[in-house]
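Participant: Those sequence lines, one after another, are chains A and B.
Residue numbers are given in UniProt numbering: position 74 of the first sequence equals residue 74, and the series is strictly consecutive.
Residue numbers are given in UniProt numbering: position 343 of the second sequence equals residue 343, and the series is strictly consecutive.
Derived from the structure by calculation, the hints contain no laboratory data.
A couple of the hints might just be wrong.
[Said to hold, decoys possible] If you only want the chain B side, here are some residues facing chain A, beta carbon under 7 Å, derived: (1) Pro36; (2) Val39; (3) Met40; (4) Lys302; (5) Ala303; (6) Pro304; (7) Thr328; (8) Phe329.
Given the structure is predicted, the values throughout are model-derived calculations rather than measurements.
Note that the Cβ used here is the ideal one computed from N, Cα and C, for glycine as well.
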Amino acid sequence: MLKFTAEHEWLKLEGDVATVGITQHAADQLGDLVFVELPEVGAELTKDGNAATVESVKAASDVYSPLDGEVVEVNQAIVDDPSLVNSDPQAAAWFFKLKLKNVSDIDSLMDEAAYKDLIG
Amino acid sequence: MDDQSVLKTTPLHALHISLGAKMVPFAGYDMPVQYPLGVMKEHLHTRAAAGLFDVSHMGQVIVKAKSGTYADAALALEKLVPVDILGLKEGRQRYGFFTDANGGILDDLMITNRGDHLLVVVNAACKEQDLAHMQANLTDCDVTLLEDRALIALQGPRAEAVLAELWAGVSAMKFMDVVEVPLHDVPCIISRSGYSGEDGFEISVPEAHAVDVANALLEHPDCEAIGLGARDSLRLEAGLCLYGNDIDTTTSPIEASLEWALQKARKAGGDREGGFPGADRILGELANGTTRRRVGLKPEGKAPVRSHAKLYADAEGKTELGEVTSGTFGPTVEGPVAMGYLPVSHTAAGTTVYAEVRGKFLAMTVASLPFITPTYKR
Chain A
1 MLKFTAEHEW LKLEGDVATV GITQHAADQL GDLVFVELPE VGAELTKDGN
51 AATVESVKAA SDVYSPLDGE VVEVNQAIVD DPSLVNSDPQ AAAWFFKLKL
101 KNVSDIDSLM DEAAYKDLIG
Chain B
1 MDDQSVLKTT PLHALHISLG AKMVPFAGYD MPVQYPLGVM KEHLHTRAAA
51 GLFDVSHMGQ VIVKAKSGTY ADAALALEKL VPVDILGLKE GRQRYGFFTD
101 ANGGILDDLM ITNRGDHLLV VVNAACKEQD LAHMQANLTD CDVTLLEDRA
151 LIALQGPRAE AVLAELWAGV SAMKFMDVVE VPLHDVPCII SRSGYSGEDG
201 FEISVPEAHA VDVANALLEH PDCEAIGLGA RDSLRLEAGL CLYGNDIDTT
251 TSPIEASLEW ALQKARKAGG DREGGFPGAD RILGELANGT TRRRVGLKPE
301 GKAPVRSHAK LYADAEGKTE LGEVTSGTFG PTVEGPVAMG YLPVSHTAAG
351 TTVYAEVRGK FLAMTVASLP FITPTYKR
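Based on the provided sequences and hints, a complete structural model is requested.
Facilitator: Have a look at this one:
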């Protein structure tokens, strides 16, 4: 199941763990990324709280946690090479995996059609 | 969209749109921050080949003495600027700044001797204020903002070759030379200078012909349009100040490490010592030093440290030293670069200080400026 947030994140749910990244639209808007800071494995994130930071040449931007949960894995590859987020944001450049506190919370997020309407 | 409707546009605005630029408000103008190439590639392209920048938002101002002589215009402007303008030769350009009575910096500018008058180029955000300042103080001069000219910067190691397609004589120019020549029969004023740390030119073009000249330059395979995003990372790697960030009315030229811009004639013992606003403080700091200085800062990690990040002597944030005034990722340096002010006790190259970024204290090393080796054609 693929879901989206208004903050331009995508979530792919497998069991009770959601893989989280930023959308192609977000990556395009941010421009060339030069720095990524990810949460620690084990961190407890709350919906809409700060989860990660990305920086382009021009500016720093926050990435928010789409739902409540615990970080169970992070993608070191995008820390080592932030440009991966620009080239493959919706697959190889996932950010972190979140073990959801309540799996059913994901139903409140947008599906792909609704997200596409949002970004026009 | 309401914000956009009040923004001014430059003569190249439609060209930016047609090239697919992402436009942002800057100093009251709708300006290209980047093109489809993106900030990173635009920056690297400028260092490797040639970049074309629209800097038409900057103010081009003619200062002409009512007497008609260059010397009278030069001596008048010297009352506002601590630079030797009288000694500037015809067809030569020099960097300077307007100072205030406290020795702070009102704006920085480029000053050219154009034979019987001065051409000065000031920052977009300050141009109305600068114009009023000159008109109020240079009462024996006519001070005129040129509102019908575009300004196009062409920067990079291939800039000469690109411009040579339009005018073969360009190769004879040296850094800070200024000439008036026709490009495609359009009378242009060309200076060999810029804001990137690279060899290059700034070309003042009559508004009606700006698009033609820009397109003629962009036709060259080595030349790409470059936005304000890369302009900022290029100038920061080159150690050049951005007015409003690195210098303003709270910083003196000596604190800003700009003493190289003051020539002998205006310093203690010179033919025209002092005689500019804030001279007591500025000449006093030249003689006795100052408490803080602008320095280069190289973050040790990968995280960019941006302007207004606080600087500390220790990794716990106990002893505050100063603030970062510009900071970004330097594509050529392949890492973050910054500038800021530190007490003179901490300005030796190699000194470690700590910047507060998102609650963490990141080590930075004081570095000599510029971060790259400039390629000006001296």
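Participant: For which of the previously enumerated hints does the structure constitute a violation, in increasing order of number?
Facilitator: 1
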